[in-house]
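Heads up: the sequence lines are chains A and B, in that order.
Residue numbers 60 to 278, in our numbering, belong to the letters of the first sequence in order.
Residue numbers 60 to 278, in our numbering, belong to the letters of the second sequence in order.
The set of hints was computed from the structure by calculation and includes no laboratory data.
We put the CB at the ideal spot given by N, CA and C, even for glycine.
Heads up, some of the hints might be wrong.
Said to hold, decoys possible - Per the computed footprint, the stretches of chain A lying under chain B, defined by three or more beta-carbons under 8 Å from a beta-carbon of chain B, are: (1) 81-88; (2) 147-153; (3) 209-222.
Number of protein chains: 2
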Amino acid sequence: MYTELFTPSFYTVNIATNADSLATWLLPSIKPCLTQHKIIAHFHVDDQSETHLLMQTGLVNASISAEPRAMQGCIAQPLGEMRYRLVANPEFVNTWFSQGLTREALTHAPAIIYNNKDQLHSNLLLQHFGLSPACYPHHVIPSSSAFAEAIFMGLGFGLVPDHQIEQRLKTGQLIDLMPKLNIEITLYWHHWKQQALALDQLTQHLLQHASENMNGAIK
Amino acid sequence: MYTELFTPSFYTVNIATNADSLATWLLPSIKPCLTQHKIIAHFHVDDQSETHLLMQTGLVNASISAEPRAMQGCIAQPLGEMRYRLVANPEFVNTWFSQGLTREALTHAPAIIYNNKDQLHSNLLLQHFGLSPACYPHHVIPSSSAFAEAIFMGLGFGLVPDHQIEQRLKTGQLIDLMPKLNIEITLYWHHWKQQALALDQLTQHLLQHASENMNGAIK
Chain A
60 MYTELFTPSF
70 YTVNIATNAD
80 SLATWLLPSI
90 KPCLTQHKII
100 AHFHVDDQSE
110 THLLMQTGLV
120 NASISAEPRA
130 MQGCIAQPLG
140 EMRYRLVANP
150 EFVNTWFSQG
160 LTREALTHAP
170 AIIYNNKDQL
180 HSNLLLQHFG
190 LSPACYPHHV
200 IPSSSAFAEA
210 IFMGLGFGLV
220 PDHQIEQRLK
230 TGQLIDLMPK
240 LNIEITLYWH
250 HWKQQALALD
260 QLTQHLLQHA
270 SENMNGAIK
Chain B
60 MYTELFTPSF
70 YTVNIATNAD
80 SLATWLLPSI
90 KPCLTQHKII
100 AHFHVDDQSE
110 THLLMQTGLV
120 NASISAEPRA
130 MQGCIAQPLG
140 EMRYRLVANP
150 EFVNTWFSQG
160 LTREALTHAP
170 AIIYNNKDQL
180 HSNLLLQHFG
190 LSPACYPHHV
200 IPSSSAFAEA
210 IFMGLGFGLV
220 PDHQIEQRLK
230 TGQLIDLMPK
240 LNIEITLYWH
250 HWKQQALALD
260 QLTQHLLQHA
270 SENMNGAIK
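Same shape as in the complex, but just chain A (with noise of 0.2 Å):
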């Protein structure tokens, strides 16, 4: 890191997220805050397991995470519900899941995920097909703009956030495969019990509108 020398009417704080929420609902949610109160955001995005290691480092004042459990001299305060669907375009559903969303058709069409820790998919492939990650093909791409868009031009199927799929849910671009499946995924903000004012002010401002922006428009 950098030693900052420039003028100081800039506060900086380092905070650890997941890449979905830094692709999607994060920063609209922050972006009024970090201006009014001239605030530097240094983001770190991590394997959800390594936040408590970072914030014991000192690594980052503060994490977005799906762990509820507070570090000792912390608080974990629950910001909202992410929700995903399972969904591919009309094109590539016709192509693999003519005959609906079945075992044997699952284990030829191409998923996709987001990379070898991604465990939204393998634990709802296993828990609803009984199948593990070995029985099916899947491209593995960590970018979450662009695993989104692998999937919109008809790459392969997958789990999407709410927040990335509004409109072509709507227009019929895409199609969810499981309407009855409902993955929420709760999010926390972790955070110092002792913080500076403009963490309390990044603090009081995600509680308040972190929610709103988690999945778009959809309701």
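For chain A, the structure is supplied; the task is to place chain B on it using the hints.
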């Protein structure tokens, strides 16, 4: 990595790439080839300095990188030039650069960089204004899509690939801060001289189509 038990009708390739390529031109370029030849792609987003290491250790079969030198036993072929522009939205320009892009203004206006290894921005400000990163406030946003969105919403200014800003430049939602600047990064496709048929097909496809998509429709 998982051992793959599914129907062997797909061939899996492991590809290292820089984050900006994956977030912009790469998937639209290779999607037809992946679908036609039943290729499954496992992407690894890496710091470009790791490209050779990933290939040497066999973790990837091929890589996209700004590194022009091929490893022994490998070929590095140019794919095209990825162009970047220094941009901000009009409100941001009014607030911070009303007197122009001066050295003084740059020590106050919040920049946006991808991560602390992001030399594109730091080299630009060092070469043109004699400013090191310690001299200016900068948000750190290690997500290609969130990075661009942050600039679109006016959180800061920064270097964005042409691919992501075409429409917004045309409509005036973004302003080119240094129109005479010409930042073009040549990207290379590194692959082994001896390779599987699927990788030969992907290589031919990329050499033919990568440059068409690399900068969107901006000429």
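Now the hints, each set against the structure:
Here's how the stretch 81-88 of chain A fares: 5 of its residues keep a CB closer than 8 Å to some CB of chain B, so the rule of at least three is met and the hint holds. For the stretch 147-153 of chain A, the assignment as covered by chain B is violated, since 0 residues bring a beta-carbon within under 8 Å of that chain's beta-carbons and 3 are needed. With 4 residues bearing a CB less than 8 Å from a CB of chain B, the stretch 209-222 of chain A meets the requirement of three and the coverage assertion stands.
Hint compliance for this structure: hint 2 is the single one not met.
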